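Novice: Please work from the sequences and hints to get the whole structure.
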Amino acid sequence: MEFYIRFADKTSAWVGRAFAWCIILMTFGVAYEVVVRYVFRNPTAWAFDISYMMYGSLFMMAGAYTLSRDGHVRADVFYRLWPVRVQAGVELVLYIIFFFPGVLALVFAGWKYAARSIRFQEVSVMSPAGVPIFQFKVIIVAAGVLLVIQGIAQVFRCILALRRGAWPARESDVEELETQLIKDADRSVLAHGSEAVDVVTPKDPPGSGR
Amino acid sequence: MTDPQVAILMLGSFIIIIMLGFPIAFTLMAMAVGFGYYAYFDVARQWRIYDRLVAGGEAGQLELWLEYFQGFLNNRIFDLLVNQTYGVMSNDVFTAVPLFLFMGYVVERANIVDRLFQTLQIAARRIPGSMAVAALVTCALFATATGIVGAVVTLMGLLAFPAMLNARYNTSFASGVICAGGTLGILIPPSIMLIVYAATSNVSIVRLYAGALLPGLLLAGLYVVYVVGRAWLQPSVAPKLTDEDVADVSIGRVIFLMITSFVPLAVLIFSVLGAILFGLATPSEAAAVGALGGLTLAVIYRALTWDRLRESVYLTVRTSAMVCWLFVGSWTFASVFSYLGGEHLVSDFVQGLNLTPLMFLIMAQLIIFLLGWPLEWSEIIIIFVPIFLPLLAVFDIDPLFFGILVALNLQTSFLTPPMAMSAYYLKGIAPPQVRLAQIFAGCMPFLAMVFVTMVVLYSFPNIVFWLPEQLYGR
Numbered sequence: 005m006e007f008y009i010r011f012a013d014k015t016s017a018w019v020g021r022a023f024a025w026c027i028i029l030m031t032f033g034v035a036y037e038v039v040v041r042y043v044f045r046n047p048t049a050w051a052f053d054i055s056y057m058m059y060g061s062l063f064m065m066a067g068a069y070t071l072s073r074d075g076h077v078r079a080d081v082f083y084r085l086w087p088v089r090v091q092a093g094v095e096l097v098l099y100i101i102f103f104f105p106g107v108l109a110l111v112f113a114g115w116k117y118a119a120r121s122i123r124f125q126e127v128s129v130m131s132p133a134g135v136p137i138f139q140f141k142v143i144i145v146a147a148g149v150l151l152v153i154q155g156i157a158q159v160f161r162c163i164l165a166l167r168r169g170a171w172p173a174r175e176s177d178v179e180e181l182e183t184q185l186i187k188d189a190d191r192s193v194l195a196h197g198s199e200a201v202d203v204v205t206p207k208d209p210p211g212s213g214r
Numbered sequence: 018m019t020d021p022q023v024a025i026l027m028l029g030s031f032i033i034i035i036m037l038g039f040p041i042a043f044t045l046m047a048m049a050v051g052f053g054y055y056a057y058f059d060v061a062r063q064w065r066i067y068d069r070l071v072a073g074g075e076a077g078q079l080e081l082w083l084e085y086f087q088g089f090l091n092n093r094i095f096d097l098l099v100n101q102t103y104g105v106m107s108n109d110v111f112t113a114v115p116l117f118l119f120m121g122y123v124v125e126r127a128n129i130v131d132r133l134f135q136t137l138q139i140a141a142r143r144i145p146g147s148m149a150v151a152a153l154v155t156c157a158l159f160a161t162a163t164g165i166v167g168a169v170v171t172l173m174g175l176l177a178f179p180a181m182l183n184a185r186y187n188t189s190f191a192s193g194v195i196c197a198g199g200t201l202g203i204l205i206p207p208s209i210m211l212i213v214y215a216a217t218s219n220v221s222i223v224r225l226y227a228g229a230l231l232p233g234l235l236l237a238g239l240y241v242v243y244v245v246g247r248a249w250l251q252p253s254v255a256p257k258l259t260d261e262d263v264a265d266v267s268i269g270r271v272i273f274l275m276i277t278s279f280v281p282l283a284v285l286i287f288s289v290l291g292a293i294l295f296g297l298a299t300p301s302e303a304a305a306v307g308a309l310g311g312l313t314l315a316v317i318y319r320a321l322t323w324d325r326l327r328e329s330v331y332l333t334v335r336t337s338a339m340v341c342w343l344f345v346g347s348w349t350f351a352s353v354f355s356y357l358g359g360e361h362l363v364s365d366f367v368q369g370l371n372l373t374p375l376m377f378l379i380m381a382q383l384i385i386f387l388l389g390w391p392l393e394w395s396e397i398i399i400i401f402v403p404i405f406l407p408l409l410a411v412f413d414i415d416p417l418f419f420g421i422l423v424a425l426n427l428q429t430s431f432l433t434p435p436m437a438m439s440a441y442y443l444k445g446i447a448p449p450q451v452r453l454a455q456i457f458a459g460c461m462p463f464l465a466m467v468f469v470t471m472v473v474l475y476s477f478p479n480i481v482f483w484l485p486e487q488l489y490g491r
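As they're listed, the protein sequences go chains W and R.
When the letters of the first sequence are read in order and numbered with the working numbering, they come out as residues 5 to 214.
When the letters of the second sequence are read in order and numbered with the working numbering, they come out as residues 18 to 491.
A few of these clues could be false.
[What the hints assert, rightly or not] Where chain R lies over chain W, by a calculated footprint (3+ residues, C-beta under 8 Å):
1. 8 to 16
2. 63 to 69
3. 79 to 88
Keep in mind that the hints were calculated from the coordinates and are not lab data.
Nothing here was measured: the structure is a model prediction, and the numbers come from that model.
For each residue, glycine too, the CB sits at the ideal point set by N, CA and C.
Specialist: Following this line, the structure appears as structure tokens:
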């Protein structure tokens, strides 16, 4: 079980982070469009399509990564007052009722949708360049499958917590420096908020790393 | 049960279930699929092919069974779910969300905030409560540039908060300044919250930005007035600084410090905002250029390391995923809700109350304020504000004006217990003797300032409308 949890966390994190780099491509792509439009009066035909595809893929594929870090918004006002076993029990039931139906629906319906698009070799209608978008629709299925994999890991976590009375340790991005400054208890509250938890020490001398 | 009653059941059970603390995005999705399956259930349509096979009489037993099961999956809710998901994925307003986040996380890491705070502190040293004023202005500027509340509150909490405590400032007073100042980032444009509101309400994002600018500055101004006033009337909360606390420096030095810290950030903000407001670039384009500007600043301040870039990228993707998955769930949920007729029921109910527009406005804002105690801006704007939006036309309230009031109101959601992100961020990094209750107490006067601003805006709506009308006409 723990092996599977680690496997799922790693997979989600790896894919999520790989797609995270789309933001760099997107930044440069969009900025390039602005430059060629204003400086060379020669706008591109593809930048718009690229920008929403990058955005769509990065957030969809990071859904499971965010889930593995417990980063989706939750109204945990009452939740955090409960003992661990109650938390785990409630969460286990809710995962089965409120997670898998939606996500599985996304996978299967997404598959039908993407398959049709692949058959037509669909291209974007937003711009004259005819950028293909069928691969973009496959993202829906891929994101759904990742969420299913990660969802099973979350269920295992609940089962372990039910058995042991303590939550199994969560893999954290050590390099993101979360743990060093914010205590664990405070962090779990922050994790459920509207932003990824983020702490930077102000006077890090450049290049020193941590 | 009639369909609208089912819709109310759907909304009611949703509220109960999210209070159990399950990730909201997936709750929305699953409930939309469940209730949608009921709403779109159509025997004739789902088993059309099966019926045809039976009528044809030539199909084998296995084929019939397969087609029969297929029938269960032919429900239109599945098409709706995928279409809404794809709608979120290819929405051109949302493309600005990750770009602004990325810009924020990069600027945050550009080592700029400590310089800014030192500079402003020196520049403001003659004013009562000078350190609090400097902290507030730094917060406001930095919050405008990053738009990330956690970033501002933690950085300023590590930097300005200990400095204020050392200067024997009152703990509550100092924490209120940091929390309230940091929260300004979601109001003063370019802010992500307004993008999200624009996408929910179909108000032009450019008009919203123009409309939010003056109210945002007004609120920041009121904060400063409060801080100076309190420090002047009650010097014990913010004792005058001694020469040890702030070095006396020449005017030339101050100007130099300003040019190296204040000016670059201000230029970045004004160019991004200016490009959007004057229609030179779409918000996404401005954000992309802003992110490049942030990277450049980081290079100039020699703060751009591989680690920091990677951190920014990962944090960006996690926050984007969180906001946008919420949309995936809520768009589907909202379609099912209105298909069932829930929207009409709510609208009929509210109209039956015979409210005046003012009473409706107060009621709506009060509900949003109360929701802000346990919830946060993202859930409120994406899930609950859409319930009020169709009613605005009935009461003849401009959705732009309503949006600005909501944005102001949601400042409080960061400051009110039990879910107050600003307060928790500060608590997380503050010295252990600072209690959460002290932080909340410090936030209260700033809440009052938010309400004062809302009343002022209601009395003088032109503060909102003046700039958009100047720029784009009516």
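Novice: Work down the list of hints and note, for each, if the structure agrees.
Specialist: Results of checking the hints against the structure:
Only residues whose beta carbon comes within less than 8 Å of a beta carbon in chain R count, and the region 8 to 16 of chain W has 0; fewer than three means the coverage is violated. Chain R is given as covering the region 63 to 69 of chain W, and this holds because 5 residues of the stretch bring a CB closer than 8 Å to a CB of that chain, at least three being needed. Taking a C-beta to C-beta cut-off of 8 Å, the region 79 to 88 of chain W contributes 6 residues in contact with chain R, enough for the three needed, and the coverage statement holds.
Consistency with the previously given hints fails for number 1 only.
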